[in-house]
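Number of protein chains: 2
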Amino acid sequence: MDYRKAFFVEPGKKLKLKDFDPNSTEGCDSKEAAAGGLDAYGQALAHQQKLLYAEKKHALLIVLQGSDASGKDGAIRRTFTCFNPQGVNVTSFKEPTPVELAHDFLWRIHWHVPAKGDVAIFNRSHYEDVLITRVRKIIDDKTAVDRLARIRDFETLLVESGTVILKFFLHISKEEQLARFEKRLVDPERNWKISEADYSERPFWDDYIKVYEDALSATSTKSAPWYVIPSNRKWFRDLALSQIVADALDDLHLRFPEPTVDLAEIRRKYHAALAAQDADK
Amino acid sequence: MDYRKAFFVEPGKKLKLKDFDPNSTEGCDSKEAAAGGLDAYGQALAHQQKLLYAEKKHALLIVLQGSDASGKDGAIRRTFTCFNPQGVNVTSFKEPTPVELAHDFLWRIHWHVPAKGDVAIFNRSHYEDVLITRVRKIIDDKTAVDRLARIRDFETLLVESGTVILKFFLHISKEEQLARFEKRLVDPERNWKISEADYSERPFWDDYIKVYEDALSATSTKSAPWYVIPSNRKWFRDLALSQIVADALDDLHLRFPEPTVDLAEIRRKYHAALAAQDADK
Numbered sequence: 001m002d003y004r005k006a007f008f009v010e011p012g013k014k015l016k017l018k019d020f021d022p023n024s025t026e027g028c029d030s031k032e033a034a035a036g037g038l039d040a041y042g043q044a045l046a047h048q049q050k051l052l053y054a055e056k057k058h059a060l061l062i063v064l065q066g067s068d069a070s071g072k073d074g075a076i077r078r079t080f081t082c083f084n085p086q087g088v089n090v091t092s093f094k095e096p097t098p099v100e101l102a103h104d105f106l107w108r109i110h111w112h113v114p115a116k117g118d119v120a121i122f123n124r125s126h127y128e129d130v131l132i133t134r135v136r137k138i139i140d141d142k143t144a145v146d147r148l149a150r151i152r153d154f155e156t157l158l159v160e161s162g163t164v165i166l167k168f169f170l171h172i173s174k175e176e177q178l179a180r181f182e183k184r185l186v187d188p189e190r191n192w193k194i195s196e197a198d199y200s201e202r203p204f205w206d207d208y209i210k211v212y213e214d215a216l217s218a219t220s221t222k223s224a225p226w227y228v229i230p231s232n233r234k235w236f237r238d239l240a241l242s243q244i245v246a247d248a249l250d251d252l253h254l255r256f257p258e259p260t261v262d263l264a265e266i267r268r269k270y271h272a273a274l275a276a277q278d279a280d281k
Numbered sequence: 001m002d003y004r005k006a007f008f009v010e011p012g013k014k015l016k017l018k019d020f021d022p023n024s025t026e027g028c029d030s031k032e033a034a035a036g037g038l039d040a041y042g043q044a045l046a047h048q049q050k051l052l053y054a055e056k057k058h059a060l061l062i063v064l065q066g067s068d069a070s071g072k073d074g075a076i077r078r079t080f081t082c083f084n085p086q087g088v089n090v091t092s093f094k095e096p097t098p099v100e101l102a103h104d105f106l107w108r109i110h111w112h113v114p115a116k117g118d119v120a121i122f123n124r125s126h127y128e129d130v131l132i133t134r135v136r137k138i139i140d141d142k143t144a145v146d147r148l149a150r151i152r153d154f155e156t157l158l159v160e161s162g163t164v165i166l167k168f169f170l171h172i173s174k175e176e177q178l179a180r181f182e183k184r185l186v187d188p189e190r191n192w193k194i195s196e197a198d199y200s201e202r203p204f205w206d207d208y209i210k211v212y213e214d215a216l217s218a219t220s221t222k223s224a225p226w227y228v229i230p231s232n233r234k235w236f237r238d239l240a241l242s243q244i245v246a247d248a249l250d251d252l253h254l255r256f257p258e259p260t261v262d263l264a265e266i267r268r269k270y271h272a273a274l275a276a277q278d279a280d281k
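Chains as they are written, first to last, in the working numbering: chain A, 1 to 281; chain B, 1 to 281.
Please keep in mind that the hints were generated in silico from the structure rather than gathered at the bench. Check the hints yourself; a few may be wrong.
It does not matter which identical chain is meant; a pair holds if it fits inside one copy or across any two.
Calculated pairs, DSS-like style, for lysine-lysine (alpha carbon to alpha carbon, straight line, at most 25 Å) [to be verified]: (1) K269 - K50; (2) K174 - K269; (3) K18 - K56; (4) K16 - K222; (5) K137 - K174; (6) K5 - K183; (7) K94 - K57; (8) K183 - K269.
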């Protein structure tokens, strides 16, 4: 099953999230099978990252969006711990500071985009500026339309300088969110995470659906695609994520670069002399 | 075997690196036993990081220093890939830029120290400013003495705001370095790394020993200790590193924080009403 095809948000078409089933486990019928797949993709990703880092021609930007408890933190931990931390940066974008708010909305984002050879993972992102801000009427529709255009421009800039952008909407149902909040209430390793704020966006669930549909439709492009990942089943979410990232890196045909020096010359110049000198001691 | 005791650089004493055998595999007699230990410490570290992140009382700064090919990159990959990338930052300090050189030597470092809850790993560090700069006579001894004092002050500032600092000198022999350069010459996955610059510091080997001894002696303290890690055997290096970091985190008695809200109240206020409301649909 090719999840890049199955979950891709078609550019230029109006996305309807109800067409995507958050319970889907398409193409994988058990948690055990998914675990095997995740392991295999994890190994592939570790190797691809090594090549990406060595080659330094491309960068990889992974954007994760989704409601509270949709599993952004869990997906990062379970899907991307395979990466060597040298070469990966995760940024969690929280409420902007006064200094950040005094700048354009992409100012604080730009600093965190990946250098060539690196992977950056955004846990929430510049998309918050066309999501919660719209639902809470901090910006009007005209501003939202402008911002969506500026996001496309910004992502074009990144793509043109060698960045592969993959954007994931972690799609859970409203019922699943409540069930996950319940789990936080009973699990002593999780209940420190609970705040009243968790519940504050639930009355706006349908509004969020609308602004997400609008944002994803307006900014999914061939070179900076959005994928809607069915995320009620965590194991399926992780499998789909890792497959899509691994397949996208495969397409780059990454390889170790050629040596920049004449190896025979280096050997003649240093190794013979040094070995003799070391032996002398 | 307690590697924090075995490899600790005693504060106030003049370190002699020849007292530390780079071939040592003290307390572990095979690569297989080390692999088992590394796995176990990896799992412990993953859990400790989760607690560190949740508790947000402490930060962890790991400093790695050592000659070319001493294994800084490899140690990061093999010892610290266990960490969730969310909450870990690796910074490789390269030759300073003109803007960085126009500031004090700690300016570019300060930006990268870990926030509470986070781990930062420095691949080379502010110590380069009292190492290569001394060997290459870019600074004189008086400046070096001043800088060593400023490093102590800087690290005290970090420790006083909750940072645990662990500093590792990866100790290899001159012969081992040459053998590793040879490997890069023959291994197609490594020979892109070779440059003539790799060889340029070898004639200064003994000078480096001296400035390292000086720097480590002057800056190893109880709260920001240096450890000399025998690193000719990579598997032993990784085992020792992971044990020392895991033991230091153990000492913090990290725990999940208490919830900041009344859980029963939250349950009453949201879950009953929400469940009913969700059921209505």
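Against the structure, the hints come out as follows:
Within a single copy, K269 and K50 get their C-alpha atoms no closer than 29 Å, and across copies no closer than 50 Å, so neither meets the 25 Å cut-off. Proximity of K174 and K269 under a CA criterion of 25 Å is satisfied inter-copy only: 17 Å between copies versus 68 Å inside one chain copy. Taking identical chains as interchangeable, the C-alpha atoms of K18 and K56 are never at most 25 Å apart, the minima being 40 Å within one chain and 39 Å between chains. In this homomeric assembly, K16 and K222 come within 25 Å of each other (Cα to Cα) only inside a single copy, at 19 Å, whereas the closest approach across copies is 60 Å.
In the homo-oligomer, the alpha carbons of K137 and K174 lie at most 25 Å apart inside one protomer (22 Å), although the nearest pairing across protomers, at 65 Å, exceeds that limit. In this assembly of identical chains, K5 and K183 lie within 25 Å of each other by CA distance neither inside one copy nor across copies; the values are 33 Å within and 43 Å between. For the identical chains of this complex, K94 and K57 are inter-copy neighbours only, at 19 Å across copies versus 30 Å inside a copy, given an alpha-carbon limit of 25 Å. Within a single copy, K183 and K269 get their C-alpha atoms only as close as 65 Å, which misses the 25 Å cut-off; across copies the closest is 16 Å, which meets it.
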